[in-house]
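S.K.: Chains A and B, in that order, are what the protein sequence lines are. For the first sequence, the UniProt record's numbering assigns the number 1 to the initial residue and increments by one for each residue that follows. For the second sequence, the UniProt record's numbering assigns the number 1 to the initial residue and increments by one for each residue that follows.
Simulated from the structure, these hints should not be mistaken for lab results. Just so you know, not all the hints are guaranteed correct.
[As the list claims (entries may be wrong)] Counterexamples of contact, computed for chain A against chain B with all Cβ distances above 10 Å:
1. Gln97
2. Tyr492
3. Gln576
4. Glu586
5. Thr675
6. Leu713
7. Tyr776
[Said to hold, decoys possible] Cut-off 30 Å, straight-line C-alpha distance, at most; resulting in silico cross-link-like pairs (DSS-like, lysine-lysine):
8. B:Lys156 to A:Lys313
9. A:Lys313 to A:Lys264
10. B:Lys185 to B:Lys281
11. A:Lys752 to B:Lys100
12. B:Lys281 to A:Lys287
All values derive from a computational prediction rather than experimental measurement. Glycine included, each C-beta is placed from N, C-alpha and C at the ideal position.
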Amino acid sequence: MRFLFFFVRYTLFFCFILLPGLVSAQARYTLSGFIRSGADRGVLPGASLAVPALGTGVTADSTGQYSLSLPAGRYQLVVSFIGYQTQTRELNLNRNQRLSFSLPESNNELGEVTVVGTGTLEQKLQTPQMSVERLTTKEAKLLPALFGEVDLLKTLQLKPGVQNGGEGTSGLFVRGGSADQNLFLLDEAVVYNPSHLFGLFSVFNPDAVQSVDLYKGGFPAQFGGRLSSVVDVKLREGDPQKYTVSGGLGLISSRLTLEGPIVKEKGSFIISGRRTYFDVFTRQINKLNKDAEDYNPIPDYYFYDFNAKANYKLGSKDQLFLTGYYGRDIFGFNSTNGFNFDFTWGNTVGALRWNHVFSPRLFLNTTVSTTRYQYGITNKLDQFSFGLSSDIRDYALRSDLEYALNDRHTLKAGATATAHRFGVGRLQAGSADGTLNIGSDVTYHGQEASLYASDNFRASDKLQLEYGLRLTGFRSGSDVFGGIEPRASARYSLTPATSLKASYAQMYQYVHLVTNSGASLPTDVWYPSRQNVKPQRSQQVATGVSFLLGDGKYLLTNEVYYKWARNQVDFRDGAQLFANSDLDAEFLFGKGWAYGDEIYLEKKQGRTTGWVGYTLAWTRRNFQPQRGTTGINNGRDFFPTYDRRNNLTVVVLHQLTPRINLTGSFVYTSGAPTTLPSGRFAFQDLFGGDVAAVPIYPDRNTYRMAPYHRLDLGLVYKLKPRRGESDLTFSVYNAYNRRNPYFVYFDQVKDKQTNLVTSYRARQVSLFPVIPSVTYNFKF
Amino acid sequence: MLLVVSFKRFIYQAPLLLAVLAGAAGCNLQKDIDVELPVVPSQLVTECYLVPGEVPRLTVTESVPYLSSPQPSVPTDVTVVLTLPNGQQERLSFKPGQDKTNQKLYTHIGKTPLVARPGDTFSLDVRDTQGRHVTATATMPTRVPLDTVEWKFNDKAGEQRKAYLLAKFQDPAATADFYRFQIHKDSISKDSDRDFSLDDRLTNGQLITLGTSYRYSPADTLLVTLYHIDQSYYHFLESVQDARNANGNPFAQPAAIRSTVQGGVGVFTILSADRRTVILK
Numbered sequence: 001m002r003f004l005f006f007f008v009r010y011t012l013f014f015c016f017i018l019l020p021g022l023v024s025a026q027a028r029y030t031l032s033g034f035i036r037s038g039a040d041r042g043v044l045p046g047a048s049l050a051v052p053a054l055g056t057g058v059t060a061d062s063t064g065q066y067s068l069s070l071p072a073g074r075y076q077l078v079v080s081f082i083g084y085q086t087q088t089r090e091l092n093l094n095r096n097q098r099l100s101f102s103l104p105e106s107n108n109e110l111g112e113v114t115v116v117g118t119g120t121l122e123q124k125l126q127t128p129q130m131s132v133e134r135l136t137t138k139e140a141k142l143l144p145a146l147f148g149e150v151d152l153l154k155t156l157q158l159k160p161g162v163q164n165g166g167e168g169t170s171g172l173f174v175r176g177g178s179a180d181q182n183l184f185l186l187d188e189a190v191v192y193n194p195s196h197l198f199g200l201f202s203v204f205n206p207d208a209v210q211s212v213d214l215y216k217g218g219f220p221a222q223f224g225g226r227l228s229s230v231v232d233v234k235l236r237e238g239d240p241q242k243y244t245v246s247g248g249l250g251l252i253s254s255r256l257t258l259e260g261p262i263v264k265e266k267g268s269f270i271i272s273g274r275r276t277y278f279d280v281f282t283r284q285i286n287k288l289n290k291d292a293e294d295y296n297p298i299p300d301y302y303f304y305d306f307n308a309k310a311n312y313k314l315g316s317k318d319q320l321f322l323t324g325y326y327g328r329d330i331f332g333f334n335s336t337n338g339f340n341f342d343f344t345w346g347n348t349v350g351a352l353r354w355n356h357v358f359s360p361r362l363f364l365n366t367t368v369s370t371t372r373y374q375y376g377i378t379n380k381l382d383q384f385s386f387g388l389s390s391d392i393r394d395y396a397l398r399s400d401l402e403y404a405l406n407d408r409h410t411l412k413a414g415a416t417a418t419a420h421r422f423g424v425g426r427l428q429a430g431s432a433d434g435t436l437n438i439g440s441d442v443t444y445h446g447q448e449a450s451l452y453a454s455d456n457f458r459a460s461d462k463l464q465l466e467y468g469l470r471l472t473g474f475r476s477g478s479d480v481f482g483g484i485e486p487r488a489s490a491r492y493s494l495t496p497a498t499s500l501k502a503s504y505a506q507m508y509q510y511v512h513l514v515t516n517s518g519a520s521l522p523t524d525v526w527y528p529s530r531q532n533v534k535p536q537r538s539q540q541v542a543t544g545v546s547f548l549l550g551d552g553k554y555l556l557t558n559e560v561y562y563k564w565a566r567n568q569v570d571f572r573d574g575a576q577l578f579a580n581s582d583l584d585a586e587f588l589f590g591k592g593w594a595y596g597d598e599i600y601l602e603k604k605q606g607r608t609t610g611w612v613g614y615t616l617a618w619t620r621r622n623f624q625p626q627r628g629t630t631g632i633n634n635g636r637d638f639f640p641t642y643d644r645r646n647n648l649t650v651v652v653l654h655q656l657t658p659r660i661n662l663t664g665s666f667v668y669t670s671g672a673p674t675t676l677p678s679g680r681f682a683f684q685d686l687f688g689g690d691v692a693a694v695p696i697y698p699d700r701n702t703y704r705m706a707p708y709h710r711l712d713l714g715l716v717y718k719l720k721p722r723r724g725e726s727d728l729t730f731s732v733y734n735a736y737n738r739r740n741p742y743f744v745y746f747d748q749v750k751d752k753q754t755n756l757v758t759s760y761r762a763r764q765v766s767l768f769p770v771i772p773s774v775t776y777n778f779k780f
Numbered sequence: 001m002l003l004v005v006s007f008k009r010f011i012y013q014a015p016l017l018l019a020v021l022a023g024a025a026g027c028n029l030q031k032d033i034d035v036e037l038p039v040v041p042s043q044l045v046t047e048c049y050l051v052p053g054e055v056p057r058l059t060v061t062e063s064v065p066y067l068s069s070p071q072p073s074v075p076t077d078v079t080v081v082l083t084l085p086n087g088q089q090e091r092l093s094f095k096p097g098q099d100k101t102n103q104k105l106y107t108h109i110g111k112t113p114l115v116a117r118p119g120d121t122f123s124l125d126v127r128d129t130q131g132r133h134v135t136a137t138a139t140m141p142t143r144v145p146l147d148t149v150e151w152k153f154n155d156k157a158g159e160q161r162k163a164y165l166l167a168k169f170q171d172p173a174a175t176a177d178f179y180r181f182q183i184h185k186d187s188i189s190k191d192s193d194r195d196f197s198l199d200d201r202l203t204n205g206q207l208i209t210l211g212t213s214y215r216y217s218p219a220d221t222l223l224v225t226l227y228h229i230d231q232s233y234y235h236f237l238e239s240v241q242d243a244r245n246a247n248g249n250p251f252a253q254p255a256a257i258r259s260t261v262q263g264g265v266g267v268f269t270i271l272s273a274d275r276r277t278v279i280l281k
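The shape of chain B in the complex, shown without the other chains (with noise of 0.2 Å):
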């Protein structure tokens, strides 16, 4: 599946081969220009991942015209109810600050670790003073375990000498699953080195093997995360990384935003993990 991503990235760079032609006359051919957007109204946006055992924590902010100054715009008036699977709500308070685990921004925060098993539904209602509006409902998936986690070095020395890695893990036959895999270096607090999102289209019951190419060097330390994730996330991720790629790119057709949320923009999903880690020797 790797592949497959490596193919898409090709696609999406079908410019630069154009690029190549242009260059030989060794002009700038960028410039920047002045353009008039038209003016969409504000929309809240939410960001929430629970993960059983932490505090429940969620980042509000809203879209803004792109061209605006880059601080993000953070509305302050904005309450948050978290619905239990037992039914019973949560109010979330309006505290911004950042986690120290893995430096995250947030808004709201709860008060106590999450309680969450595959299966489990939470509900979460946003709203503001201005009348806005946010809901959304996810469920826990299962846990889907690494089955193994290795590598292999090539037969170089030096600074060339340098491994792949390869995960492989049981899909479950009897559903449609998504999955998010990721490897960070190292530790959890920054981006990942690896990470794409992948569905079973055609590999529905069979054992996956996702890996990478040569590129990590003797002594590494590698964290190795499956995400087994539900249908929405998984279009939200792929739609964010559609639209992305589409501002810059005129092969790529503009995409709209798939939120997991009603009533804005954003997600909200219990994240369902399996992580190893492992250090290259």
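Isolated chain A, as found in the complex (with noise of 0.2 Å):
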């Protein structure tokens, strides 16, 4: 009852903001439609629409749909998008009217260079929205890339204020977010482990997304649930045209993409699938070395995914869109001496989503997802069996409405309910003869609840503003944690090339990874939020100016921002996280600080394009002496493992000739906190026999690493099928093959006489030296 209570009373509240627009309403005419492409015919969101000669315009939403109401009269349109040629049309807007846009590709073949208009950097320097990095597959797919293999997490690295979690990986550390505070959505459904393979590889397949959004600070009101990031993934939508088939043969993986229509002009979908041969390779070293005496086989890994979405229109106004989501990761060990080991997990995702058009300044979309991630681990000796297993599974609705009240508000509103069940650890130990039966199951269930309302107000032509409320509500057993998400962000151009801009959120996060590895395991669960265990919450403000330089070729922004954090989550040394029933006890909490300048300089038109992105940034966090502990480093301050103070990145495309396409990414950040033991002492043990080394760890991370920087080269080779398009796209990874280190560890240097210990010596682990890559891409 209290959960609804709460909801009743800010209910009220909430709906009291949107007056100040309702009361301004005027009669215009509406111009209304989607932006699509015009190759596949999937929706663009964020391509623009701009209309010159009343210096406004608007940008399509998630959903490739935009609305814009304009006085009457004859106008010319401009629309633009990253990789799409711009378009322009003249329109004599006399009525309400519904108009599309489809825009051609700048180049018809694979991979070529991005060319765009103007617009889309206009856009950016117009909109209030910031702290946002848009990425589509076409940039993502002309970068060079680790095996060859495209990633669009690790493509997002690059960009400033964004941190990996360490060599190769494709963790996001966002603004001095932890890697658990990044909400994942596939086509508005949660994916709660983005990685395969320890998060070596993402879980979306750049075959099948359109596009991806990564929200660093400033979050529109529709976005809750974590801390630091939104990370929005569309998929497309498939070919409404024709049937095709594409896909590419890699050095670790292979990828297969089937779409094409349903129904022409009703509804299209489209199938992709991947899959590694790691396995392929180590079962044949396997089978060659069967008979070599102390010979331990290499396990089995591989990992494979699928995704999938369809769209059928239902009518004029009505249109459904049907997303899934299947990946597993495999990892098997059957040993000689009869142990055997079996690891699986993975991600399950469904999403349905009905769009309807009210009219053309109100539109509707409802969505009813459902996500599931699990692991399970089991392995048997003879007649003894063992199994560990783990998931979090959601059923969510949501609804958001968008109503164009006039050309000055775009209102938003919406409300999201999520059924979770935690999963957090079931073990089951058995033997056959029933002599061992152990059996352990964790579950909570919780519920979460959110309703936002925002304006996006053009309040002159100077001087913009987005605000909105957000409402979050959680509740597990008899806990019930409430928030109120203020939420704001404004532009104000100081000349038609400069605008200055501010925002602020405040965030709530419900739920909260339990791992103590300080990267993303697939052993790592999740946890509601309970009595002992507070829900995280933070705020960010953030200021930046930009400039259109050179014609408007070049955008330069400046943003610094400064956010702090309650009740982040670490855990007590040793602490029991694994089926453990009193997991709340293990818990501690603590505050945190992050804060930093991000300049970032970037080029969409040309041959040449690219960006240059510096970041100097700090974070910190806090533990305070807790529940029996010392807290971390004795209530000190420290530095968490993702902490950088230098980040350097540049990103250059280039377009050498119709069929060659040139690009390089270098990457410099500072070295890496880490802890190192500072001491050690001898211990014997119960028994004689060797002495051991045991460390002494000091302080948490008061150990930098030396620097990490890295030069990757690519280029991608068109070729001239009699059918269709193929392409070959060459990657070199670590160009100068640099040592970067990985982690350090001390070692024991031994003498090979006497095998006695006559020395100590610290090591540096590198994970990749220079790894070229060719990758062999079609479609026909």
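Dock the two chains into a complex; use the hints.
M.R.: This is the structure:
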């Protein structure tokens, strides 16, 4: 009841903030419709429609729809988006009108250089939304990639304010936030673990993805649930005109995509799959060595995933979208001494969205979705078996309404409701004869809900505001939590080429990732807020200035942010995180701060495009003594492992000839903090034998590893097959073979004759040397 | 429980999987580096396991900077006093030596064999002339007997013929209990073949079964030992294991040592064990 009361009480307050917008309604004509890709008819969220004569415009929303209220008249409309040719069209507006656009790709062959009109940079200059990075698959596919595997999340790591979780990993650490503070959305459905192979690859197959938006701050009111970022991934909708097969053969995996119309002009589908083949090679190696003495077989490992999406028009005002994802990582080990080990993990995601156009000015999107992340470990030894599993499963409903009130106000409102089930840990151990039978099952349920409303208000030609409020609530058992999350951002145009921006956002996070690895492991489990595990919350302010330079070819942006967070989560030393029915007691809570300056220069026009980003940042955590512990570092501040002082990225894409594209990216980051043992002591244990050196660790993360820098080079060569299109994509990862630090450890040096320890030394381990790769991509 | 331990080891070995990928390039990806470590004061390190019927022995060393000489630093100015359950104090003499039975080194030794019964509480007081002072208290746990020790051979012949071993014991229902399980081959004077610690969190009051993989040959002599240990010793063992695993594992969070002593580092406990010797036939 308390939960309901909370919502009723605040809903009244919540509706009130919409009133100022409603009272200023005027009669005007509304222009609305979709902006789509001409190639595959996929929607283009973020594409812009400008009306230069009025100095106004609009951006397509996350479903590719736009709506703009204009006075009657004759106008020239300019529609543009990254990677597509800018389109202009004359329009005599004398009634409410639906008008959709299909933008031709800037080049109709695979892997072309992105060439766009200046509208996109102008749009970034003009929008009040700040701290957002938009990336299309077309961009990402041009850039060099580790093992030739294009990865959208790794490409996002090249943007300012975004750190990776270590060499080659796809984890995101955004403006000082930890890995669990990112909300990953796949067509509105949450993805809880977005990585394969311990974070080395993301689950988002680039062949199926249309675009990715990364919000680092200034969060729009429709997003919530995580503190640090929103990664909004949109899948392609499939070619509505003809059946197409595309794919690629790479060093470690292959991909295949099929798309086409369901009924022409009514609907289309896309289904895409990929699979790695490490296991094919390792099985052969094992086979060749099966008779070798002391040979330890290499475990089997592979992953696969499928993405599918279908859309169907029910009429002129209704359209359905169905999205599905299924992916699994599979690790298996069969030892010669009878010990079998199987480890499987992955996500299952489904979403059904209904898009309804009430009028040219009023749209509704309603989505039901489900998501499940699970892992399971089973092993057997003769008559004994052991199983450990965990999962999180959501059923969610969300509804988003967008209303273009007039040329000054665009209103958005919506609600979400999610039923969570947290299968924190199920353990089963038994023997065939029944002498061993151990079982443990820790499961919690939670309900999460939110309401939001926002107004994009063009106060004048110079000032534009977007303000909103999000109310959130969470219940787990008898524990109820709530949060009020105000959001605001503003843009003020000093000159036509200079904008000042500012934003504020408060965020609540009611689910927590239980991990003490500092990295994303498949065995990390999600845990609800409970009486002794309060919700995480943060506030972020950011301000920035943007300059359009070089006749609109360049956009220079400088953003400064400050974020402070409460109830940050860590775990006590030696915490028992598996199958623990009292996991609450293992949590530690602390405070966090992150602040920095991000400078970003981008060029999106001409044969040479790219960006330069520089970030100067600090991230701190503080965990005071609590719960019978000394906290962390006895209550002194420390830097988390993803704190980096300086970060420089340079990305260049150059179209050498119509068939050859050259790309390069350079990354420099300050050394990562890590904890090295300052001392050691000799430990004999109960009986004589080797004396062990046991490390004594000082304060956390006091040592900085060497700086990280790397140059990647790429070349896309378009072939001329008799049918369809194809290319060869060459990548060189770590071109100058820099031995970047992955981790540092201490080792014993032994005398070869006596096998006695003569000294100790520090060793730095690197993960990836120079790695060339080639990928063949095709489409017909 | 052995399988739980195996799972933990798998997680620790996760970087090896990444190395399989990197190994495709066949490069040497390690190098020596110079590091500057923070200087921290040296602490007294005590290691004392009292065994009923044996003369008390104790090892006192010092913690040292990690990259210093591998020779253990043994302070010579340390006085050790053991307080018995009846309040009587016994000073242990500084007489470095090696236990002939288990080849273990010690720095201090008592005079008479220890008399200890479950429930008896002992105290330890260690001081040096620099003012370092380590204290500890420990109570002897009850003895939990091994119920059965059995083994089973596979169907293979020759050198491939191997057996697994099972040990069963009844966990007391009324208490939270902690155990250390060891298997030695032939004698206890060298490193154990199997060694792990466990609690009864999921098996309270049950007949607990511990096992191994197929790893023992016909005619092997095995010494199977079950220690019923106190919680603080269990935490110490776990923290030592965690600290050692964290050195060289980028996924592991470095862990502080949870000593059972105050004022320094180390362990003071009274062993309560049941041991079986079996010959696999």
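S.K.: Each hint: holds or not?
M.R.: Quick rundown of the hints versus the structure:
1. Gln97: holds, 55 Å
2. Tyr492: Non-interface label stands for Tyr492 of chain A: nearest chain B Cβ at 46 Å, farther than 10 Å.
3. Gln576: violated, 8 Å
4. Glu586: Non-interface label stands for Glu586 of chain A: nearest chain B Cβ at 12 Å, farther than 10 Å.
5. Thr675: Not fine: 4 Å to the nearest Cβ puts Thr675 of chain A too close to chain B.
6. Leu713: holds, 16 Å
7. Tyr776: holds, 19 Å
8. B:Lys156 to A:Lys313: Outside the cut-off at roughly 66 Å; violated.
9. A:Lys313 to A:Lys264: This hinted pair holds, its Cα atoms lying about 10 Å apart.
10. B:Lys185 to B:Lys281: Given pair Lys185 of chain B, Lys281 of chain B holds - Cα atoms ~15 Å apart, limit 30 Å.
11. A:Lys752 to B:Lys100: holds, 27 Å
12. B:Lys281 to A:Lys287: It is violated: about 33 Å lies between the C-alpha atoms, which goes past 30 Å.
This entry does not satisfy hints 3, 5, 8, 12, going by the numbered hints stated previously.
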